[in-house]
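One-letter residues, chain by chain:
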Amino acid sequence: MDANGMNRRQFLRVSGATAAAATAGIEGILEARRAPAWAQGTKLHWVRWVDFIPESDVELKRQMGEASKALGAEVVLETINANDLQPRITAAIQSNSGADIFIMQYNWCHLYQSALADVTDIATEVAKAEGGFYEIYPPSAQVNGRWLAVPHSVVGNAVAYRRSWLKEAGATQYPKTWDEARKLFAVMKQKGKPYGQTLGHTFGDAPVFTYTMLWAFGGAETDKSGKRVVLNGKGAVDSVKFMQAFWRECCDEGGLAWDDTNNNRAFHAGEIGATLNGASIYIVAKRKKDAIKDEKGEPMWQDIDHAPLPAGPAGAFLLFLNHSHAIMKYSKNQKLAKDFLRWLHKKENFEKWFQTQEGYSVGATKAWENNPMWGKLDEPLKMFRTAARNTRLFGYAGPSTAKATEAFTKYIITDMYAKAVQGMSAEDAVKWAEGELKKIYEG
Amino acid sequence: MKKTIAGGAGSAAGFEVALPHPRTSQPAPALTRFLENEGLLAAVLLAPTVLLLSLFIAYPFVMGVWLSLSSTSVGNPGEFVGLRNFVKAWNDSIFRTAFGNTFFYTFWATVFKLVLGMWLALLLNRHFRGKRLVRASMLLPFIVPTVLSTFAWRWMFDPTFSVLNWLLYQGGLITTKLPFLSDGTYGLWCAIVVNTWRGMPFFAITLLAGLQTISPDLHEAASLDGANGWHRFWHVTWPLLKPVTLVVVVFSVIQTFSDFQLIYVLTGGGPANATHLLATYAYQIGVATGLLGEGAAISLFMLPVLFVVVWVQLRYLRRLEGA
Numbered sequence: 047m048d049a050n051g052m053n054r055r056q057f058l059r060v061s062g063a064t065a066a067a068a069t070a071g072i073e074g075i076l077e078a079r080r081a082p083a084w085a086q087g088t089k090l091h092w093v094r095w096v097d098f099i100p101e102s103d104v105e106l107k108r109q110m111g112e113a114s115k116a117l118g119a120e121v122v123l124e125t126i127n128a129n130d131l132q133p134r135i136t137a138a139i140q141s142n143s144g145a146d147i148f149i150m151q152y153n154w155c156h157l158y159q160s161a162l163a164d165v166t167d168i169a170t171e172v173a174k175a176e177g178g179f180y181e182i183y184p185p186s187a188q189v190n191g192r193w194l195a196v197p198h199s200v201v202g203n204a205v206a207y208r209r210s211w212l213k214e215a216g217a218t219q220y221p222k223t224w225d226e227a228r229k230l231f232a233v234m235k236q237k238g239k240p241y242g243q244t245l246g247h248t249f250g251d252a253p254v255f256t257y258t259m260l261w262a263f264g265g266a267e268t269d270k271s272g273k274r275v276v277l278n279g280k281g282a283v284d285s286v287k288f289m290q291a292f293w294r295e296c297c298d299e300g301g302l303a304w305d306d307t308n309n310n311r312a313f314h315a316g317e318i319g320a321t322l323n324g325a326s327i328y329i330v331a332k333r334k335k336d337a338i339k340d341e342k343g344e345p346m347w348q349d350i351d352h353a354p355l356p357a358g359p360a361g362a363f364l365l366f367l368n369h370s371h372a373i374m375k376y377s378k379n380q381k382l383a384k385d386f387l388r389w390l391h392k393k394e395n396f397e398k399w400f401q402t403q404e405g406y407s408v409g410a411t412k413a414w415e416n417n418p419m420w421g422k423l424d425e426p427l428k429m430f431r432t433a434a435r436n437t438r439l440f441g442y443a444g445p446s447t448a449k450a451t452e453a454f455t456k457y458i459i460t461d462m463y464a465k466a467v468q469g470m471s472a473e474d475a476v477k478w479a480e481g482e483l484k485k486i487y488e489g
Numbered sequence: 429m430k431k432t433i434a435g436g437a438g439s440a441a442g443f444e445v446a447l448p449h450p451r452t453s454q455p456a457p458a459l460t461r462f463l464e465n466e467g468l469l470a471a472v473l474l475a476p477t478v479l480l481l482s483l484f485i486a487y488p489f490v491m492g493v494w495l496s497l498s499s500t501s502v503g504n505p506g507e508f509v510g511l512r513n514f515v516k517a518w519n520d521s522i523f524r525t526a527f528g529n530t531f532f533y534t535f536w537a538t539v540f541k542l543v544l545g546m547w548l549a550l551l552l553n554r555h556f557r558g559k560r561l562v563r564a565s566m567l568l569p570f571i572v573p574t575v576l577s578t579f580a581w582r583w584m585f586d587p588t589f590s591v592l593n594w595l596l597y598q599g600g601l602i603t604t605k606l607p608f609l610s611d612g613t614y615g616l617w618c619a620i621v622v623n624t625w626r627g628m629p630f631f632a633i634t635l636l637a638g639l640q641t642i643s644p645d646l647h648e649a650a651s652l653d654g655a656n657g658w659h660r661f662w663h664v665t666w667p668l669l670k671p672v673t674l675v676v677v678v679f680s681v682i683q684t685f686s687d688f689q690l691i692y693v694l695t696g697g698g699p700a701n702a703t704h705l706l707a708t709y710a711y712q713i714g715v716a717t718g719l720l721g722e723g724a725a726i727s728l729f730m731l732p733v734l735f736v737v738v739w740v741q742l743r744y745l746r747r748l749e750g751a
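Residue numbers (the working numbering), protein chains in the order written: chain Z, 47 to 489; chain G, 429 to 751.
Keep in mind the hints are simulated off the structure, nothing from the lab. Don't take each hint at face value.
Here are the simulated DSBU-like cross-link-like pairs (lysine-lysine), alpha carbons at most 35 Å apart as the crow flies [to be verified]: (1) G:605 / Z:335; (2) G:559 / Z:477; (3) Z:235 / Z:174; (4) G:516 / Z:235; (5) G:559 / Z:332; (6) G:670 / Z:339; (7) Z:222 / Z:412.
As the structure is a computational prediction, the values presented were derived from the model and not from experiment.
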């Protein structure tokens, strides 16, 4: 042993591991059975949202110790409110400093493309190992043929509802169409058990509802070129008129001020009978069965079921929150960040996190539909297994570009419905939204 | 009579005064020369302040002006676009709502803070048991971080679990929930209430300090002349309190007009942008959406308005002092 605490043999072993990592990435590290020697104090900073399944964040934070050991550098996970992600990313890009890896939602890669590193190599490896990503991912995380983020997971949404309350209102199953839903929830609202829906400025529940409502009635933001706004048509006007009536007759009108968490709390408190959400309402109700009970004092989770959104005249369509991870160009730890993402997507690591989700998120590839976890889940959660298939992105019928992200970030479609349910005529609300969209797409 | 003092001599009015020998043979040290140069010394002493002001006030301001004149968006430096961002903002219906809201919010919040602050200050200027405790506790809303207290208010106005709705319902005053935050008009008034609650102690304490400088003799003299309470306030207290009041109002207008935290936490600018102020809308466009140029232009709309308000009020203040 020399004065620096390392003899020649050890030095060769460590430098061998570094060389292996440099040439063979995470595989090299694992084969060498030793972490590469990053400069002392090297820290990899990863920012994600605060998960709606708290146990999943606990699992990820636990994994950071393992990742640090495997990679030979400290990996730090920071979780922040999802609504604060975009301001945080903007600040990081403009100051050229901040976290090395950010979670990306939907198609944010288009908006931040100039600041994101090319991760085509990792995305290709993951896709190859798992049989290809869902169709929603290339338009979300690929820009000009290059992957700017590694697809991670998709949060499936469905309507969580109280089985017994629907039965009391005369329904034998969850409505298949919006017209049926309107009749059912009008009865339920009269019984003090309304439908709960946010029309606030939220990243999840509001746009997932409003964009799909627009599509269900045949509405679209743009034509196929994505350059001409076609919102002001029969589809959009009809959908807004329907929403005005549905809101008045069926919904908890406080939803205008809700964020993505209010409907969870309202549902667990027995204030609403149904709401569009991820599986978190069911999962949390089951995990906190002693605290979350129904009006008879029984654990509420036993009375919760899920159903897909009803269909409108044009059909039923889905928009789900998809997640991926991007390495920032300014990061001084490019290689380490890539090695970490490879480590994160190794089956044994991803699976531990995936199983804590219990279906709240599904994987980015169909391979995860076959995970044994699905066989162990309760029936109401099994519908999320294939949730990520056949979903759309905003910007429809055109490509989902940065302009579509801008329209989404300005909440124009959501506000169109919010204005209408507050008293603006459907025609005026659509006209207003059309004007705003034109400034973005045609300006 | 002759006095000699070692070290040199001089004479005045028949006295010979010894003075130190001028050390003409050696030039004064550089430091001494430097310190004796008033202009240079002043520059050196001012430099840290100028540097700090340049770094933290001038640079961001100039940067903000540049951004507002450019098409900069997140990750893209953009190019000079003249006043396009300002024109775009002016033609934006949400901007105009935010612009109107900012005036409405500032005006009513300032009026309420002034009236209630004055009332509180007059009450606290009296002698009663526990006066010090009451004065100290009155400052609590001002001391508690805005984000924290606004979160508490948000819970009180919660659309589903509002304690205020519960109290009003239990008291038989309402039959359906009031849409505190789910209606634009209610939302803005809720924000005004919270702002008043938070800012009133600042008015009260400052006006109280002003009240305590007014000699009780003046009130006694007025009483002897038959003035009632209102007359004493209007003809004695108010004229003497006016300069302090104007300073407080100027500060309050600046802070309220550029308020961000309260709206951001309480309503987030919703529902449907109905409660946005210029600061929150600028943040929404500039930081959240990443259109930095447009966001900077929106925030710069505050500058001329605040400049005019401050200029008019300070001019009035100077006139008062002159009189």
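The hints, checked one at a time:
Restraint check: the Cα-Cα separation between residue 605 of chain G and residue 335 of chain Z comes to about 29 Å, which is no more than 35 Å; the hinted pair holds. At most 35 Å may separate the alpha-carbon atoms for a hinted pair to count; residue 559 of chain G and residue 477 of chain Z exceed this at roughly 59 Å. In summary, the hint linking residue 235 of chain Z to residue 174 of chain Z is not supported, as the alpha carbons are separated by about 50 Å, beyond the 35 Å threshold. For the suggested pair residue 516 of chain G and residue 235 of chain Z, the alpha carbons sit about 43 Å apart, so the restraint of at most 35 Å is broken.
Simply put, residue 559 of chain G and residue 332 of chain Z have alpha-carbon atoms about 53 Å apart, too far for the 35 Å limit, and the pair is violated. Under the criterion of a C-alpha separation no larger than 35 Å, the hint pairing residue 670 of chain G with residue 339 of chain Z is inconsistent with the structure, at around 60 Å. Of the supplied pair hints, the one linking residue 222 of chain Z and residue 412 of chain Z holds, its CA atoms being roughly 26 Å apart against a limit of 35 Å.
Going down the numbered hints, you'll see the structure goes against 2, 3, 4, 5, 6, while the others check out.
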